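So the sequence lines, in the order shown, correspond to chains A and B. Sequence positions in the first sequence follow my numbering and run 1 to 308. Sequence positions in the second sequence follow my numbering and run 1 to 385.
Bear in mind the hints are in silico, worked out from the structure with no lab data behind them. Just so it is clear, the structure is predicted and the values come from calculations on it, not from any experiment. Some hints could be false.
The list that follows gives simulated cross-link-like pairs (lysine-lysine, BS3-like), each with its CA atoms no further than 27 Å apart [to be verified]:
hint, chain 1, residue 1, chain 2, residue 2
1, A, 168, B, 205
2, B, 351, B, 322
3, B, 105, B, 169
4, B, 192, B, 139
5, A, 172, B, 205
6, B, 192, B, 50
Computed footprint of chain A on chain B; a stretch qualifies when at least three of its residues, placed anywhere within it, have a C-beta under 8 Å from a C-beta of chain A [stated by the list, open to error]:
hint, segment
7, 71-79
8, 84-98
9, 110-121
We treat Cβ as the ideally placed atom computed from N, Cα and C, and that holds for glycine.
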Amino acid sequence: MSADKVKSVKEDLVLQHKLFSLSRVWAIAFNTFTQLVRMKVFYFMLIFSVLIIGANFLFLNFTFEQELKILKDVSFGAMTLFASIFSIVGTALLIPKDIEDRTLYTILTKPVPRFEYLVGKLIGIIFLVAVSLVLMSFLFFAVLYFRQHGILAEEIKMIRGGATDAQKEYLKETIFAQGVRPELILGVLAIFLKAAVAAGVALVVSTFASSTLFTIIVSLVVYFIGHAQSLALEYYFPEGQMHGALQRFIAGIVAVVFPNLQMFNIFDGIITGQSISTTLMFRLIGLTGFYLTIYSMISWILFAKKEL
Amino acid sequence: MDIIRKERALSIVTKLKSYSYRRLLLSLIILGGFGFVRIPIEMNTEKMLKEQGFRDWSPSMSAREQLTQASFVGSIGGFRSLIASIYDLRAHQAFRDKDWASVEKFRGVTTSLQPRFAKHWDLAAWDLAWNAYAYYRNKSEWAEDGVESWQMKNIMMPRYLEKGLEFAKQGAEWVPESYRLSMVVADIYSQKYNDPELASQWYLKSSQADDAPPYVFRAYATHLARCEGKEEEAYEVTSSLYRSTRFGTRALTLTVRRDMERLEDHIALSAANEMSLEQLESAALSNGSTYLDYAKLGMHLLEVKKDLKVALAVYREIVNDKKAPLFYSRKLLMFLARNPANQEQAYEALKKLLKRSPEIFRRQDLIEFTKLETSLGASKNNREK
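Isolated chain A (complex conformation) (with noise of 0.2 Å):
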């Protein structure tokens, strides 16, 4: 082959060469949740089971809304808790097991864009989340939906001399009010989203901590300001009030830098029967992409020179 075409079919793949390729990405975000099931994270599920059904069984003395609000404050949690930490450990752990197995070279050798790498391995891990949390979700729903029946079920027993159909319907109402609820998926949703924002945290700070513990306390540091700094707001600026300039700094710096993770706890309400608007649950899942694409950006930046 002739210099020539050599140098135009070099030519030919550099034009070929897309800046951005979303199949490039999910290539990256897939082995990323290959790699993290690889890890056996999945045996959480085990933990999660043995919480609810207990939750389930523990607590039959009760009243029946006390008895399901129980199931469901132990499931929320549960999910919360794991959704969290897989976002967080699971993202800090990625760059530097990447380097220590050299994937990270193979990846960055080829015509792989940085941003496109670390794309790709945000999708993975928030994947990876969602899996999890749709296989928890299943779980929770199918013991809350047979214990609202069961729950229904001894109510009519106890009833002496048999329940009319209209003491029926009404238990049926009551009861089912406090269990199986569409409302429920949107705290699921809530759940999901405020674990992504998470990861986007700990993906900033992976690309220039110096170690996978850093990352992680410096990431749930964040975690916690980021659920306090709606308060840290209310407290300096309360309605009507004002405060003094530097106090006024402070509550700014940490609005400003932190992500405000309280607003996604909605779940709260979501137990006790409430229900949120489909307007209020979009802005939230806007403001969470707002979140990533700035967190990815910001990644990087910081990324995109390091010394590997």
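Following the hints, complete the assembly by docking chain B onto the known chain A.
Chain B alone, transformed into the frame defined by chain A:
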């Protein structure tokens, strides 16, 4: 040569440093810019969350004092509902140990953590106004020390009753859309304070909630019927309830029947005492008169004029009116039985009525019926002798 190398190396380090600083600075600028863009959106979202009832708890200093450090952090970190349930369990344990101070404390925590969950308020009111109250009442009855008994009766019992009422009222403010807590307040006024007027007000409030079962409105009617000076108002409510249930699909409850009879008797007796015979006659004979106008006239003839014969004729008219409640038939037969000549005939009719509609016989009616039966039995025996 070395100097040139050193200078070159230094310049690379400086370049790299300035490069990484530039990137860090750029990241901070993006983060800051993003922060300024998102803060108004987030504040607006928080406002929406508040409006939709998702921000019913704020971790204030008083909340920090109530909770342990771990619980406080957990509550901020998104485990508020779970922490509330844990305190609920602690309250339950304290209830089992009869540690009422702890019950009050833990119930205070659960209600402050999740004020929009009606059951927390309900349980708090129940534990204090009923359980703690009953505990001290029992203790005061069995106490050997008079001072101790007095303290429990006059300090502890009213204290827990008030606390329970306070919880129920606060809950009703937090969850106004639910019938339950207003009903709990009404129950406390009815069963503990024996105040039918306040109880009826709260039952009415409770019955207006969308999820209120029909018995709450009936409880309102019953309590209103017990309020002195509100008989007319109570009659309006009870009679509409009576008519809607009697001619509707739902079964009439015994309480509504009893209240209806008592109120009609009260109204008839008041009119009988306040109005003249002519006035009552013209009211009964006018167009559009009701069976109640006849009942007023009948009552006047019975109680004021003491004319049983004419009164019986009036009561016959009432019984013929299909709108009149069935208890007027019982009344008529009871009046008939006052005349020894009609006793046997009245007894047979009453017996049939009792078999057909036992619900229209009150306790005093059954006593009278038994007396009648006894006297008839005795006279029959006398005749046989």
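Hints violated by the structure (numbers, ascending): Hint 6 is the one this structure does not satisfy, whereas the remaining hints hold.
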